[in-house]
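Visitor: These protein sequence lines map, in sequence, to chains C and V.
The numbering used here applies: residue 36 is where the first sequence begins, and numbers increase by one.
The numbering used here applies: residue 36 is where the second sequence begins, and numbers increase by one.
In short, the hints are calculated from the structure, not lab data.
Small disclaimer: the values here were computed from a predicted structure and weren't measured.
Among the clues, some could well be false.
[Said to hold, decoys possible] Chain V stretches covered by chain C per the calculated footprint, using a threshold of three residues with CB under 8 Å from any CB of chain C:
#	segment
1	158 to 166
2	194 to 205
3	212 to 224
4	337 to 346
All C-beta atoms, glycine included, are put in the ideal place defined by N, C-alpha and C.
2 protein chains.
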Amino acid sequence: MKRRDLLLAAGLSPLVPARAFADAPRPPADPAPPGAAASDTSHLVAVAESLKPALRETLQLPLSLVRPVAAPSAALRWRMESEGPVEALAGRVLKKGDAFTLDFGGHRTGYLSFRLVGVGRGVDAPARLRFTFGEVPTDVAEPLYPYKGGLSSAWLQDEVVNVDFLPQDVRLPRRYAFRYVKVEVLDTSPNFGVQFRDVRAHAVTSADAALPPLPAGVPEDLRRIDEVAAATLRDCMQTTFEDGPRRDQRLWTGDLRVQALTNYATFNNTALVKRSLYLLAAFPREDGSIPACVFEKPFPFQGHEYIADYAVLYGVAVLEYVRATGDAAAGRELWPTVKRQLELVGRHVNADGLFADPGGVWIFIDWNAALDRTASMHGVLLYGYRQVLELARLLGLEAEAAAYPERIARMTAAARGAFHDPARQVFVSGPKRQVSMATQAWLTIAGVPSKAEAAAALSAASRMPDVVRARTPYLNHYVVDALLLCGLRREALELVRAYWGGMVAAGADTFWEAYSPEEPLLSPYGDRHINSYCHAWSCTPSYFIRGRGLA
Amino acid sequence: MKRRDLLLAAGLSPLVPARAFADAPRPPADPAPPGAAASDTSHLVAVAESLKPALRETLQLPLSLVRPVAAPSAALRWRMESEGPVEALAGRVLKKGDAFTLDFGGHRTGYLSFRLVGVGRGVDAPARLRFTFGEVPTDVAEPLYPYKGGLSSAWLQDEVVNVDFLPQDVRLPRRYAFRYVKVEVLDTSPNFGVQFRDVRAHAVTSADAALPPLPAGVPEDLRRIDEVAAATLRDCMQTTFEDGPRRDQRLWTGDLRVQALTNYATFNNTALVKRSLYLLAAFPREDGSIPACVFEKPFPFQGHEYIADYAVLYGVAVLEYVRATGDAAAGRELWPTVKRQLELVGRHVNADGLFADPGGVWIFIDWNAALDRTASMHGVLLYGYRQVLELARLLGLEAEAAAYPERIARMTAAARGAFHDPARQVFVSGPKRQVSMATQAWLTIAGVPSKAEAAAALSAASRMPDVVRARTPYLNHYVVDALLLCGLRREALELVRAYWGGMVAAGADTFWEAYSPEEPLLSPYGDRHINSYCHAWSCTPSYFIRGRGLA
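Chain C extracted, bound-state conformation (with noise of 0.2 Å):
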């Protein structure tokens, strides 16, 4: 891993110089008010907060008794062995150092709830008990210390509890994202051990409990792919659209977009779109530019990151949403915040009409160090300028998108110039002239060659051994878009297969933030332990399937 990923991957934008601790201004040292946005903006977290949705509480019983095996052929290297029914558990009275894993089946975000029994001649002290929540089976089969991640180790799903008098009901306070929980007793007494009983997760989401039923032709893989990217993004539903339930749990607008499009073909919460997208705008620094994520708990505030990319396709999801929704009145409420985007990324635009990295800023793209950003990134502000013109006619504000035509008609002139490579019918980047999935698959959504000759630069380019593939399911989404936008459609649901049904095949129960075949535990943080494998920005084949009629 480069020093630039461990930068990212340790939210160290370059772009905000480090300060002090003394003097940082937000989150505020002291408690601000909740919702202290700046003034101008405060009806946004108003219109936000009044949007917040009631959680729905689901209770699920666990499955079975398991234990995990070594399976070095597989690509978590785990699997799970049943060890029995889970019947069998009430019936057992566990002593210091004995151990149990539950498999719940599937996975969920919520809560761990049992009754804590002590048997034997005395219950005369407290229990002492380690929990650890698996999402899959390496959380619980590994040890998670010692931690080598570069996040915050608070983040790992592992929790010791006393219970102090018994019997009694528990319900453990913090918010887990699992399917398998490891449940280790530290210690009892001597004179008894305990039993537990009525072991229930509570799982919590904003997403309805109705999933549209697929259409009767699509064959059973893919509906197998469409029920655990809907479980992806159902789990990741929260009182905001969660990048990962398990950690962060932030509202990031790369993540949102596409999280939101995957929403309108799915459980269709348009509220939860609409809140996300004014807390996203509540919070603009000072030059207007919005975070790249917003922090919702204890109250909303400013994440602390800016993303250059995800703050031009915050204009794409408000216009998307304006579509799903007609809601125009919220449209041209947060006009202001996409065209000011705009403006700030398109002064990077050079005299020649192409997106100049001024160094320093976050540009995502993919979690890849290896990956040159400057077409892909020229290809986004393309994009965000066209949608944004759609917007704009949408709302009857043409007007404030005046210059907008031109400046369209000038990058992509620039962009065939500067990135094509007619000798190998692909798009170029950077002055390696980098060949990558992003660069075609980006340039392609902005329009910058014709359907043909996108789909010649697609194959091409996805045919050289050297070619810069996706590493998340982030990049692989605007892949697959940009290879139906020009006809692909076999290969795009190649790809689906072969990507998302890879993590189907390695056992996943909802997709992960980070996946390369070739690498199944690849960790953008520098420990496995510390993935989301319940990530948002990977849910959307079920767009795919279900909005772009992809079987």
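Once you have looked at the hints, place chain V on chain C.
Guide: Leaving out everything else, chain V in the frame of chain C:
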């Protein structure tokens, strides 16, 4: 430590045969209804529950930041050194690996609260904190693990806490017994640190805030001993009289008797004594014997231990309650329980009028495996008959105790014959004719020797180099009592000064469960980190100073 002590330490009284877990009747394997006592004693539970006190909570500020410094010549091997004023804490930003220790000055039973604020460029993760609560410097100066004790490690006063969203007001849910709090920041994220603001202890007790002033003539050192003793009782006075607020937290008959005595001379919460006496009577075993202790939470239930000397002392505690309050109605209601204890223990008095250890019965007397308990237990039982006869007279129930005077006379005479060693002028116990302070004290209290004989025996024994001395404040209470009874006032005072004063000199803020001047780090449980440093049975100097005029 001998096997017997280990057994006892583990609560494994050999009287009750170990049962298979599955058929253990109490506490109920499945939750019994609260207060599920035998039907004929349920009204006793009802009375006890009606007397459950509301606790008084006092907010307390930490006094300073401290750090432990090795002090090999100090009794506890560590002393605390100031690290600066506590005001410095609010300004400190703590990151992964940082730690501090607060000194709240003195001991309390209670809770900890604070405001945790994130400071930095991005408060983007939970904070994971480890708390260690210490009654004495040893608790926070030395690692608690690996733990070597025989009691449950779940009693150890350490806790790992995740605070998911900052800023947040946190009140740790577990109650602790402490003067010191060590806080370690296990992790934040690279983007922020935490500040601790408004750190507060919430002391809880059912003792009155105001302690009656000591008589003017009491010298300074005894004032300090009284203060520490009263603090010990205060911190053990919760919704029952607990034996120790740090561990066990249980109502034990033997502890109650000396706590109640001290309570009458200090806080005088007589309702709490009544509640405690009723709770102990409410959960008889099948033969009518009362358990050595009862548990109070989550609902009152029977403890699994039986201690013969404690059962006898129950009647003494009832007598003293009736004397202190005039509540003869309660005395009459508890009379059958009182009488039954003597009947049951009295069965082991043989034809010679001597208590004969039937084997397998837990006779406590002191934490000391080397102690021969024959003579002491005889003394306890004889004392029990004398006091319970007094109780019968006070309640107008002489007819119920008609057989007692003859039995008292016979046991007194038998004791003189069996235990007195005229050549050495002491009382001895067991086949090896062991001389112990326990034997001298209990036979004196039981009225076996004349005052002069008792004085001679106590003086002679205390001068013998191989005398078995008391290892707990509990037995030393009875030694002081005996010294006072036979007029050795100066020696009683000397013992209080040497023994309890020794703990004060070693830094005690409350008196300890176990203390031996030669072995200040003695543990009855195999690990000093599980010792209780605020233990009810050590609170009696306040009784002697205030109630018996010792000064």
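Visitor: Among the hints numbered above, which are violated by the structure, and what are their numbers in rising order?
Guide: Going through the list in order, the structure violates no hint and respects every one.
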